Amino acid sequence: MIPLEWYLALAAVLFSIGAYGILVERNGLKVLMCLEILLNAANINLVAFSRENLMGQEFALFSIAIAACEVAVGLALLIMLFRYMDTIDLETFNILRW
Amino acid sequence: MVGPITLILLVLLTGAVITLLTRTREQARVVALISSGIGLLIAIKMYLTYVGGAGMQFTESVSWIPSLGIGYNVGVDGIGLPMVILATLISFLCVIYAWGEGNRPNQFFGLVLLMDMALVGVFASLDFFLFYIFWELTLIPMFFLIGIWGGPRKHYAAIKFLIYTHVASVAMMLAIFAMYYFNGAATGTYTFDMVYLLDAYSKGVVSISPLWINLILGGMLFGFMVKMPAVPFHTWLPDAHVEAPTVGSILLAAVLLKMGGYGLFRVIIPLMANPDASTVFVLVIAIFGVVSILFSTFVALAQKDLKKLVAYSSIGHMGYISLGVAGAVAFGASEVPRILAETGAMYQMFSHGIITAVLFGSVGVIQHATGTRIIDDLGGLTKHMPKLAFIMLAGFLASLGLPGMSGFVAEFAILTGSFSQIPIFVLLAMFGIVFVAAYHLWAIQRALFGPYNEHLGDIHDIAIYELIPLAILVALIIALGTPNPICSHLFAEVMQPTATHILSMLPQGGLL
Amino acid sequence: MAWIDYAYWIALLPLIGFVLELFIGKYTYKRGGLFANLAILGSTIIALGTLMDVLGGARIDVSVPWFYDGIVVGYLIDPLAIVMLCMVSFVSLMIHLYALGYMEEDPDKSLYFAETSLFTCGMLGLVLSNNLLQLFIFWELVGLCSYLLIGFWWYKPEAAAAGKKAFLTTRVGDVLFLAGIILLYFNVSHLPEPLSFRYIFSFEVLETIPPAHLTAIALLFLGGAVGKSSQFPLHVWIPDAMEGPTTVSALIHAATMVTAGIYLVARTYPIFMASPNALVVVAVLGGFTALFAATLGLVVNDIKRVLAYSTISQLGYMLCMLGVGSIIGAFAVGYSLFHLISHAFFKALLFLCAGAVLHGLANARDLREMGGLLKKMPVTGIAMLIGALSLSGFPLTAGFFSKDRIIETAYEYGAATGNFLPWIFILVAALLTAIYTFRLWFMAFTGEPRSYLAEHAHEASKIMTTPLIVLATFALFFGLAQSRFYEFVGANFDSHLIEELAHLGGYHFHEAHAVPFIVMILPAICAIGGIGIAYGIWYNSRVDLSKYISKDNPIYKVLWNKYYLDYIFKDLIAERLFGFVALLAEAFDKYIIDGVVNAISWIVIKIGSVLRKVQTGVVETYATAVVIGVVLLIMLIGGVL
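Residue numbers (this note's numbering), protein chains in the order written: chain A, 1 to 98; chain B, 1001 to 1512; chain C, 2001 to 2641.
Keep in mind the hints are simulated off the structure, nothing from the lab.
Just so we're clear, the structure is a prediction, and the values are computed from it rather than from any experiment.
Worth double-checking, as some hints may not be accurate.
Unchecked claim - Restricting the straight-line Cα-Cα distance to at most 30 Å, the calculated cross-link-like pairs of lysine-lysine (DSSO-like) are: (1) B:K1304 x C:K2156; (2) B:K1383 x C:K2109; (3) C:K2030 x B:K1383; (4) B:K1304 x C:K2570; (5) C:K2156 x B:K1383; (6) B:K1387 x C:K2606; (7) C:K2462 x C:K2375; (8) C:K2613 x A:K30; (9) C:K2376 x C:K2030; (10) C:K2590 x C:K2613; (11) B:K1383 x C:K2376; (12) C:K2376 x C:K2109; (13) C:K2562 x C:K2551; (14) C:K2462 x C:K2376; (15) C:K2462 x C:K2030; (16) C:K2026 x C:K2462; (17) B:K1304 x B:K1383; (18) C:K2109 x C:K2156; (19) B:K1387 x C:K2030; (20) C:K2570 x C:K2557; (21) C:K2109 x C:K2462; (22) C:K2156 x C:K2562; (23) B:K1383 x C:K2570; (24) B:K1304 x C:K2590; (25) C:K2557 x C:K2156; (26) C:K2026 x B:K1387; (27) C:K2156 x C:K2030; (28) C:K2570 x C:K2156; (29) B:K1387 x C:K2109; (30) C:K2156 x C:K2026; (31) C:K2030 x C:K2109; (32) C:K2551 x C:K2156.
Build out the structure end to end from the sequences listed, making use of the hints.
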């Protein structure tokens, strides 16, 4: 049996990649993809811990469904933004600051 | 079967929602009239079936959030019940008074009803959490009443009102949480139950450091003193009054301010009974009272705006409540004057509510008819507005404490009762009486008497829907100021047992 | 059943009259006046019936509890109360009858009768009160009616201002009175009814009150009386109060309301007796006011104001009598009340005559515009002559008997205590009274008419002259009731009790000495001499006054400016000093208190405007902050930090 730590390490690596992507990327599509990676990192953790009971797997399924919704909404937003501004560079969307 | 208090709340809430949904002025005001009328009738029914005594009556208790010890506990005693009646009565009369309101009538009447409900909730809550919710809920209708229907500087006034009183509420909320936490930590039962908590703190069964009990007391006092308002926390009031529509002013002065006074009786006195609480608070309250009375009087002398003058008179009258409370809790050898002072302060709560409503109501009529409230621009209004002159004169005389009117009974009781305990403060307060009379009579003389100011043109007298509520209030003022069963019953049967009960929480002889 | 059991209706009937008159008065016979007159007629009948009962020895004192333990309302009938009740209701009836004619043309006639009816209710209720709180309530009620009636012609700026002045000046006294009540309550709150006279007026109770407190209470009550009875220095409101209708001046500012202060001192006489030094103040203050007001009466030209100053002066006599009564005890109340009642008759008469003159002269009030009126209005002229004789204390009129007794007692007081000040004051005042009263009469009724109005004056109608004749009869012959009256009212307080209390207050009673003959006839000499002087100056013109009457004459100037008291009170104190304080308070409120509030909000806004720069609008910056925060949290929880 693969030790729990390995799963956790994998999840941590994925999480870090996702977080890094969110922080440095300006392209909205890439940021959205990085968000998915973050979610999946969490899912791996949930599944990894579910060897005691199956609750974790339930949660993982749940969060996959939510991730799907989120991507649908996110992509829709990006398409709308692209139509208005002809770009999905997030730096240009700063009109909500002071 | 729901109890009467819940019934009032439900009727008013339903009425508010329906009124908001109506389309025409006719529908809005009829619905508002009916629902506020039902609220008033239930309140009067409660008063008639109220059994003289100290404890809470018409209590209802439903568990709400049991894990946090929050419950829907309501009930009234000899101070809560008159306040509930005051709130429902004034709101009902306000609906009549505003019968001609043409600007967004459905929202206007809906907010009045919502205000009514929130106020009843404050005065009937027996759970601190519920109390706080209703307390904050009163801000919202008033904010919109000022902000939408107000005068030229309505936005400034509305924001100032909201933020200032909200800051005070936060202090009160922190004090509530502290009470909740220390009681839970000491006894293991975490509860917001007002009666239970106050009982526990007044007997000192909760072990709490003097620092914390004084912080709690100070936070509560700050919350209530801003609401009353006491000088120097009063500056939101004149601004709010000057900008608010007349009905807003009436509700604000007649009922909203009473929340602060109510807090003194319900919360502050029991907390002061705690053995670790500092007795300095007696002096603090007395000083707040006297400074409010004297300072507001002199500021009122310099006012040119009739409504601002009335607003400052409110501050002075609320000062009497502080003075009476201080006189009641201060040390005195005999119980007799202390109970007199306490009951007088309670009586002042009701009395000032009905008197100030007449004042703001008549000033509103003047503004409506002439378009100005600046005293120097008025003059000789009696010529065209004899009925208004009669009502306004009655109101102003009541406000300056003329015997035979309710204000005198209250002020006499407060001054006479407090004299034994805090003579210096009473004498200082009496010093102000002449000046109170001075600014009232000055305003009357300039506005109503003398030659008519022809610049005002041809003005019409008070409308019938404005006259009726004010006349009812004047009748009530006289009924509560002359020897008759209504006055004696309210004072001796309803308020006095509660006052006695509240004072009995204090150590024998009082504090200080 | 006896009349006395229904005595409370004496005060209630005018109240009913007020309500009816207010709401339906103007729809009735001649637009008002009917209900008020009927109600007061009823009061008068009951009062007279009750008087018979009280003369037969009946007394009553009933209390009903009010809002607090020991706070009661009730009514009390004893000799002191009943003579006042009879006088007030009777004089009020006369004046109401007269007003039917006097106010006939007024558009607000029903309102006028409503207000005077309410006033009568207040005055009768004040007299009936058996406790201090109720007395205070009625005390303020009559003050209110006085305010309303002075300002009855509200469209006249002077009337509105005079009403306010009257209310505020008496309010100063009222606050003192209230303070006295509170101080008394503080000392006797253990009694079953702390403010009821029957409980307070006992040796055991008054003995327990510290003497300093007793004196303070008595002086505070005196303060109330000074305000209401318009004594120095709070007398300034009465002359202005003459702006009201003349019937109001007669009813309120001459015959009844202003005597409330005297009644208060008489009613609480046991407290005064028990208070060290209080009665000395009463005697000197009363005497001083009598003289002070008489000097002012010499120079004014307004017919009503002359009478107003004479009222102040005569009230000073009554107060002085109560003060010098410290050497004779309970009988002082009788002496003082006798003057009060005879004064009510002749002063009401004088004012009603003045009203008739005004009526005939289209409201001209200046004496210099009158003259020769006796031929035009003989009834009024003769009636006024009777009133003037009585006021001056001409032998055998009512005023002579009542005033003579006061001056004699003041002399005895001087002989007993060495303090002749009150006697000198009131003796000189008696001389001056005769002079200014007859100055008024001679200027108005004799000589040649000095204006168009005076030439075309006309006699008043029957309904106005009838009350004049009735009152004139009383002003002439009331003196006959003298000794019976003294016995009756003098026995109001238990003389034994008063004696004990006098011991408490440190006063000593003296047996009446034989007063020297010259002292006995001095008052009569003063009266006749004064009339003679007035005759010489204003009828015969033997002395030319015009060279003295000028603004260059300092004495005249001081008198003309009323000793500058009006200026000091109104301009200096009320307007300058307190106006300045008010402006100061207003500025403090606006700039300091509200300034702090606004400063706090300004600071918060400034801080916010700096901090909001953090909000860059770039999502990555926020995300970076989140990640750093999370990392820090993890390290914190993991124990790394």
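The hints, checked one at a time:
{"no.": "1", "hint": "B:K1304 x C:K2156", "in the structure": "holds, 22 Å"}
{"no.": "2", "hint": "B:K1383 x C:K2109", "in the structure": "holds, 16 Å"}
{"no.": "3", "hint": "C:K2030 x B:K1383", "in the structure": "holds, 22 Å"}
{"no.": "4", "hint": "B:K1304 x C:K2570", "in the structure": "holds, 20 Å"}
{"no.": "5", "hint": "C:K2156 x B:K1383", "in the structure": "holds, 12 Å"}
{"no.": "6", "hint": "B:K1387 x C:K2606", "in the structure": "violated, 52 Å"}
{"no.": "7", "hint": "C:K2462 x C:K2375", "in the structure": "holds, 17 Å"}
{"no.": "8", "hint": "C:K2613 x A:K30", "in the structure": "holds, 27 Å"}
{"no.": "9", "hint": "C:K2376 x C:K2030", "in the structure": "holds, 28 Å"}
{"no.": "10", "hint": "C:K2590 x C:K2613", "in the structure": "violated, 33 Å"}
{"no.": "11", "hint": "B:K1383 x C:K2376", "in the structure": "violated, 37 Å"}
{"no.": "12", "hint": "C:K2376 x C:K2109", "in the structure": "holds, 28 Å"}
{"no.": "13", "hint": "C:K2562 x C:K2551", "in the structure": "holds, 13 Å"}
{"no.": "14", "hint": "C:K2462 x C:K2376", "in the structure": "holds, 15 Å"}
{"no.": "15", "hint": "C:K2462 x C:K2030", "in the structure": "holds, 17 Å"}
{"no.": "16", "hint": "C:K2026 x C:K2462", "in the structure": "holds, 23 Å"}
{"no.": "17", "hint": "B:K1304 x B:K1383", "in the structure": "holds, 22 Å"}
{"no.": "18", "hint": "C:K2109 x C:K2156", "in the structure": "holds, 17 Å"}
{"no.": "19", "hint": "B:K1387 x C:K2030", "in the structure": "holds, 22 Å"}
{"no.": "20", "hint": "C:K2570 x C:K2557", "in the structure": "holds, 19 Å"}
{"no.": "21", "hint": "C:K2109 x C:K2462", "in the structure": "holds, 19 Å"}
{"no.": "22", "hint": "C:K2156 x C:K2562", "in the structure": "holds, 23 Å"}
{"no.": "23", "hint": "B:K1383 x C:K2570", "in the structure": "holds, 28 Å"}
{"no.": "24", "hint": "B:K1304 x C:K2590", "in the structure": "holds, 14 Å"}
{"no.": "25", "hint": "C:K2557 x C:K2156", "in the structure": "holds, 28 Å"}
{"no.": "26", "hint": "C:K2026 x B:K1387", "in the structure": "holds, 15 Å"}
{"no.": "27", "hint": "C:K2156 x C:K2030", "in the structure": "holds, 25 Å"}
{"no.": "28", "hint": "C:K2570 x C:K2156", "in the structure": "holds, 20 Å"}
{"no.": "29", "hint": "B:K1387 x C:K2109", "in the structure": "holds, 16 Å"}
{"no.": "30", "hint": "C:K2156 x C:K2026", "in the structure": "holds, 23 Å"}
{"no.": "31", "hint": "C:K2030 x C:K2109", "in the structure": "holds, 9 Å"}
{"no.": "32", "hint": "C:K2551 x C:K2156", "in the structure": "holds, 29 Å"}
Figure legend: structure checked against the earlier numbered hints; hints not met, in rising order: 6, 10, 11.
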